[in-house]
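For the record, the sequence lines run as chains G and V. Each step along the first sequence adds one to the number in this note's numbering, with nothing skipped, and position 31 is 31. Each step along the second sequence adds one to the number in this note's numbering, with nothing skipped, and position 101 is 101.
Keep in mind the hints are simulated off the structure, nothing from the lab. Backbone N, C-alpha and C define an ideal beta-carbon position, used for all residues, glycine too. Just so you know, not all the hints are guaranteed correct.
Sample of chain G residues with no beta-carbon within 12 Å of chain V, all distances over it, derived [said to hold, decoys possible]:
| hint | residue |
| --- | --- |
| 1 | L10 |
| 2 | Q57 |
| 3 | R111 |
Cβ-to-Cβ under 10 Å is the rule here; a few derived chain V residues that face chain G [what the hints assert, rightly or not]:
| hint | residue |
| --- | --- |
| 4 | P2 |
| 5 | S9 |
| 6 | G40 |
| 7 | V43 |
| 8 | Q104 |
| 9 | G107 |
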Amino acid sequence: GEDVEQSLFLSVREGDSSVINCTYTDSSSTYLYWYKQEPGAGLQLLTYIFSNMDMKQDQRLTVLLNKKDKHLSLRIADTQTGDSAIYFCAVKRYSSASKIIFGSGTRLSIRP
Amino acid sequence: EPEVTQTPSHQVTQMGQEVILRCVPISNHLYFYWYRQILGQKVEFLVSFYNNEISEKSEIFDDQFSVERPDGSNFTLKIRSTKLEDSAMYFCASSDVGGEGYEQYFGPGTRLTVT
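Bound conformation, chain G alone (with noise of 0.2 Å):
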């Protein structure tokens, strides 16, 4: 079945980059995400990218899809503290209308 598998916990240096990695299973996937929780909060959306794209920067953020070996990753540079959260790799099938697989999120942890 559709499976979505990422790494429970980073920890960073202030500064550093952060890399998250995330693993799916199901090769129709078209939308790819990655959000964000922080505690108390709802999940933020931080970014997207389709399928067909192999990479998406937007300001700090570079997301990286490799399809072949079904693998995504959310990198943030200059890690900051407010970046501490739990991010969440999801994915959803173009032809399903509504259902986002989500994976187990990785907390994310700043060291200074």
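Guided by the hints, dock chain V onto chain G, whose structure is given.
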């Protein structure tokens, strides 16, 4: 900026009781969703709703669950007879486009605790 709101933020109920979780989607959106996240587990899709009917539901969404859009602004999730395993964070989401859209806007969630 418009946002999805949910009430209450935390609901405590006894096993076997009915609960209604409420959501106000973004006003011009047409597609509505419920997801849940059991503590320590993944966010799971429950149901989607469009044009006053369910368009897709997961196997979690059994006969104990129902959804309704009682008026032009609210979208509700009802659990008829709660079980301990229904304890979770429930997220409502909405989008203005279904099949071709890319963004679902999520609310802050309602934490449901069943005792």
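Checked hints:
Interface exclusion of L10/G from chain V stands, the closest Cβ pair being 17 Å apart, more than 12 Å. The claim that Q57/G is not at the interface with chain V holds, since no C-beta of that chain comes within 12 Å of its own (minimum 17 Å). For R111/G, the non-interface assignment is confirmed: its Cβ lies about 24 Å from the closest Cβ of chain V, beyond the 12 Å cut-off. A cut of 10 Å between beta carbons decides the hint on P2/V: the least distance to chain G is about 13 Å, and the hint is violated.
For the restraint placing S9/V at the interface with chain G, the shortest Cβ-Cβ distance is roughly 9 Å, inside the 10 Å limit, so the hint holds. Look at G40/V: its Cβ gets to within about 9 Å of chain G, closer than 10 Å, so that hint holds up. Interface restraint check for V43/V: the shortest CB-CB distance to chain G comes to about 4 Å, inside 10 Å, so the restraint holds. Nearest Cβ of chain G to the Cβ of Q104/V: about 6 Å, under the 10 Å cut. The hint holds.
The interface hint given for G107/V is met, as the beta carbon of that residue sits about 5 Å from the closest beta carbon of chain G, less than 10 Å.
In summary, the one numbered hint that this structure violates is 4.
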